[in-house]
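From first to last, the protein sequence lines are chains A and B. For the first sequence, numbering that gives the first Met the number 0 begins at 0 and goes up steadily by one. For the second sequence, numbering that gives the first Met the number 0 begins at 0 and goes up steadily by one.
Careful: at least some of the hints might be erroneous.
To be verified - Computed list of lysine to any residue pairs in SDA-like fashion (alpha-carbon distance at most 20 Å, straight line):
(1) B:75 to A:37
(2) A:35 to B:248
(3) A:35 to B:75
To be verified - For each label pair, taking beta carbons as the anchor points, the in silico distance ranges come out as:
(4) A:196 to B:264: 20 to 26 Å
(5) A:84 to B:135: 55 to 61 Å
(6) B:158 to A:37: 16 to 22 Å
(7) A:267 to B:48: 26 to 32 Å
(8) B:73 to A:85: 42 to 48 Å
(9) A:267 to B:257: 37 to 43 Å
Simulated from the structure, these hints should not be mistaken for laboratory data. Every residue, glycine too, gets a C-beta built ideally from N, C-alpha and C.
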Amino acid sequence: MKLTIETTEDIEGTGDPWADGGQLSYRQLIWRRFRKNRMGVIAGALLLLFYILASGADFFAPYHYNEINMRLRHVPPQRLHFSLEDGFYVHGLKSVRNPESLELEFTKDMEQRHPVEFFFKDTDGKRHLFSSAGPMFLLGTDRMGRDLLSRIMYGARVSMTLGLVGVFLSIVLGSILGTVSGYWGGWVDNLIQRIIEVLSAFPDIPLWMALGAALPPGWSSIQIYFGITIILSIIRWGGLARQVRGKVLAYRESDFVMAARAAGAGHWHIITKHLLPGCYSHIIVIATLAIPGMILGETALSFLGLGIRPPMTSWGVLLEEAQRVTVLLHYPWLIFPAVPVLVVVIAFNFLGDALRDAADPYSD
Amino acid sequence: MRERYGLNDPLWKRYFIWISGFVRGNFGESFEYKREVDELIWDRIAFTLVISVGSLIFTYVVAIPLGIYSATHQYKWSDHFLTFLSFVGMSIPAFLLALSLMVFAFDIFGVPLFGLFSSYYEGAPWTWGKLGDLFKHLWIPVIVVGINGTASLMRIMRGNLLDVLGQPFVQTARAKGLKEIVVVGKHAVRIAINPLISILGMSLPGILSGSAIVSIVLGLPTVGPILLRSLLNEDIYLAGTLIMMLSLLLVIGNLLADIALAWVDPRIRYE
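Given the sequences, and given the hints that come with them, work out the whole structure.
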């Protein structure tokens, strides 16, 4: 990849970016076009950052996601202050019992200051990027006094990988069946196409709900995770298979495939060496554009209580708490997990759009 | 007990008994409500239809003009703004939009915008007043369900129109000295709009799904909430019938979209 960048910059230095276009490989052309789309690059970088944060949640999050503080329920987000002697700090909390609702309400205790420590060592001896000896909830806490910021970071693990794994499954399923369908044609093609049509005749969320409800209640978190992933990808492979089939159909009669066949190449060789490489860029684009749908699907399912189940946490599980308007009016910060959902989904859409524009470098 | 529900029969036989009853309009009995399923679902399906058709109309009425505007102002800041807006619109989950609208409305009007009727008309017989009340409540779910579709449809309309505007016959029209509004309105849009009709069938699943989940958040008397309840309570006859009905609606919608396409575009022929 490094080499590509250098080549590109050299050529741009000559003033005519297309001067050596013929000598660059297909991949280099794609990369070069992709880099021109500023929104796409920003989106890609943002997603990379999110994945790093999610994979290192043990270190980046100030607390563990299941650390319960029954005395600190529904603490509003605390503001981060800065002073020269203490560095970053948050004020302490004073709790007052509301005479009407009998709920504890929290206000700032101006006297107390809990400085934020970087590379904080908690009681188990684990390091955190930043945390504090006193309570520090930058995004507030939920109904069990768990830090929302940490839960969002841990939730990203489930929400963001689920889309990837699900898309990977539908790519495998979709490209195998799409290739088979397009390459052999005949009744196989007919059968596969009818199956895709039947699948696409179901409205997806109600069907997902039904399948999600059918997952056995005794399953462990990991089993549920994969169960939901499989449910989400069962419906989505159809579109991909269609696209791959179309491409394979077009290439099957092309000269280079004819030549390969005349030279005595087997089916396997033709498919893997001549047909699939032509579909790669399309598959990647479709996959990128399918990920947000999966993330939203998981969020919606978990939001309804049919998806990921606690103690595992995902953005949908976090939003489930914000389901009722009365709760939201009292504790508006519970809606905050919606922000990463939105950002990630928008970023994937921009990235997919940029990839789609870049995937066809020989146009215009 | 097992005898009564026929649980000793093999799976295929039980399915066959249910499906043959389904075709004849006998959907079985709901375990939870202790009533026949078909007493429970029809008015809910009717409301689902009202909301879905409403959002479909909203989607097309809003998306087409915006798409045309965006295409004719390509790369101006208004086009960039609309593009960004459509990306946000495509990305925001319907239930989140519903939630935030509800909180918003509660803040402004002070009343929860829950359900499809005011409490005064709830359970009352149909009158003009009740119908008016229905329309007063209908706009929120219609907009919320329609937003996702509107955003993507707008993008498609923009792309189509840009393709058509680059074609030689548009140039000819301009060269003849026709006004820009005639060129776009009479020549280009007429062609660019055709694919949108075939998309009509494709956008139906999204709208039905959206209406299901939005209804759950907003507490509307449509298929969504009762489906969720039946799934959580393992009320299988009710759940099965509802999913079957939604799929049927979808298939019928697809058929209508195909017919509409053949009717609008005389070049399309089905053998």
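Going down the list of hints, with the structure as the test:
| no. | hint | in the structure |
| --- | --- | --- |
| 1 | B:75 to A:37 | 17 Å, holds |
| 2 | A:35 to B:248 | 44 Å, violated |
| 3 | A:35 to B:75 | 19 Å, holds |
| 4 | A:196 to B:264: 20 to 26 Å | 22 Å, holds |
| 5 | A:84 to B:135: 55 to 61 Å | 59 Å, holds |
| 6 | B:158 to A:37: 16 to 22 Å | 20 Å, holds |
| 7 | A:267 to B:48: 26 to 32 Å | 50 Å, violated |
| 8 | B:73 to A:85: 42 to 48 Å | 53 Å, violated |
| 9 | A:267 to B:257: 37 to 43 Å | 39 Å, holds |
Going through the hint list in order, the structure does not satisfy hints 2, 7 and 8.
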